[in-house]
Amino acid sequence: MNTLTRKIYSWVNDRVQLDNLVEFMGKKYVPLHRHSVWYYFGGVSLFLFIIQVVTGILLLLYYKSGEALAFESIQFIMSKVQFGWLIRSIHSWTANLFILSAMIHMFSVYFGKAYRKPREITWLTGMLMFFLALAFGFSGYLLPWNELAFFATKVGTDIAGIVPIVGKPIMQFLRSGDEVTGATLSRFFGFHVAVFPGIFTVLLGIHLILVQRQGMSEPLGLEDESVAERKKMPFFPNFMLRDLLLWLIVLNLLAILAVFFPWELGRKADPFAPAPAGIKPEWYFLFMFQTLKYIPGKLWFLDGEVFGIMLFGIAGLLWMLIPFWDRKSSRGEQTRFINYIGLFVIMYIMILTIIGWLA
Amino acid sequence: MNSSEHSAPEHQDRRNFLKWVLTGGVAALAGSILYPIFAYLKPPKQGEVEVTSVSAGKLSDIEKDSGKIVKFGTKPVILIRTANNELRALSATCTHLDCTVQYRKDMGLIWCACHNGKYDLNGRNVSGPPPRPLDEYRVVVQGEEVLISKKV
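For the protein sequence lines, the chains are A and B, in the order given.
Using our numbering, you'd call the opening residue of the first sequence number 1 and step up by one each time.
Using our numbering, you'd call the opening residue of the second sequence number 1 and step up by one each time.
The reader is advised that the hints may include incorrect statements.
[To be verified] Taking lysine-lysine and the DSS-like style, the derived pairs with C-alpha atoms no more than 30 Å apart in a straight line are:
hint : chain 1 : residue 1 : chain 2 : residue 2
1    : A       : K268      : B       : K68
2    : B       : K150      : A       : K168
3    : A       : K28       : A       : K232
4    : B       : K75       : A       : K280
5    : A       : K168      : B       : K45
[Unchecked claim] Examples of chain B residues toward chain A, derived with CB under 7 Å:
hint : residue
6    : R14
7    : G73
8    : P76
Calculated from the structure, these hints are not laboratory results.
Using N, Cα and C, we set each Cβ at its ideal position, and we do this for glycine too.
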């Protein structure tokens, strides 16, 4: 450190005791074992979130909300603003990669049983952020006000409306009325750029502080090696530099995707045009969409759709609450059962997504 | 707190009273903040003009064996001129999940692209997920003009 930085450091240190923090960082280690590679996906998700914030703010500088302006303003961004096409394409691609990376992160935590005591809160905040990511995706999808987005929003909010008793008010709240209109667009815009980022930032803060305080979890089943034999790596700077290198690779991947596979804008939404052929939701909603197709219209006394929504609702809730019912893992015992559930969920999602994609 | 005078019954009463006043005050405060917020979030009812009948244009502009979407107030209505030269008007909103349907010449059916729902030309749900038939509208030809109105 040169003298100036040293001076600044000691000035701050005198007041807020930075030494404690540096000492803490120096003592943080990342365990090394055959599953260590999965530790990187949390960091990749964080990086992708940062990209979303930056590109999102840039888009916000030109985007105009409203039925008459939204589509045109994106057209303007993509055709007139310098590098506008790149920023928008990166924002759309990153949204998809973020959900993919968060999914990988979630499943690796699941199979490593890292949600077990004492990391229940980390898992819960992570799951809430994942659901928020889906909400980000759903609300952001409408903002260009194109044909596909219009019908996706109609279907998505109509599904919410099917739920008995609370469904209808929720649907009206989401749509800001009975139909998907410019009022819905304004509302989704507010959610997407203010409400969700605010909540997400708080959850992310808790999540990251907990990860730093508690350190990385080691997967169950590595106990056969004695503690002394276990290898580890300092978080700072060794692991962090590896993290940064991967971030650089991800950034390159994003640039390639955004440049060579630019995101389409499609046609402007027309509430009085039929739904276009081949319409599909985004890939991360596809497995649920496909499942709804297989459920018969009437099941016992329930509507097919109501049954489907309740099924996914309950499954999602059980999944989120796993640290509280998987007692065995919390005691440090191995459980095959949990692995089988996880494998089933992955297979189910993958198979139905592929079928939905091909259909 | 431990002194005997504090646990005397009259003090206990006073403490309970204060507890209720405080709890009530906090509840009232929360209510007076939350009520306007929830009321604000509920979109106001727009004074819409009730549409009972619209013109769908000239009969000669509508080809045989074709369908078109007509604005009926805020709702889409599909007007079909069948191959047998009959005119039908049906709600274009799919009864499944709110998508807008279209006339498929090749199938001779009304089709919804979202979930492959199919209706016959009388609006009956014949295949796919739709739970109900499409609502019917009345079609009248006055001179050259095609008029669509609500069924009474």
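Consistency of the hints with the structure:
1. Restraint check for A:K268 and B:K68: the C-alpha separation of about 19 Å stays at or below 30 Å, so the hint holds.
2. For the hint linking B:K150 to A:K168, the alpha-carbon distance of about 25 Å falls within 30 Å, and the restraint holds.
3. Taking the CA atoms of A:K28 and A:K232, the gap is about 10 Å. The hint holds against a cut of 30 Å.
4. About 23 Å separates the Cα atoms of B:K75 and A:K280, which keeps this hinted pair within 30 Å; it holds.
5. Distance restraint check for A:K168 and B:K45: the Cα-Cα separation of roughly 15 Å lies within the 30 Å cut-off, and the hinted pair is therefore satisfied.
6. For B:R14, the interface hint is violated, since its Cβ never comes within 7 Å of a Cβ in chain A; the closest pair sits about 40 Å apart.
7. Interface hint status for B:G73: violated, as the beta-carbon distance to the closest one in chain A is roughly 11 Å, over 7 Å.
8. With 7 Å as the threshold, the beta carbon of B:P76 comes within range of chain A, its nearest partner Cβ sitting at about 5 Å, so the hint holds.
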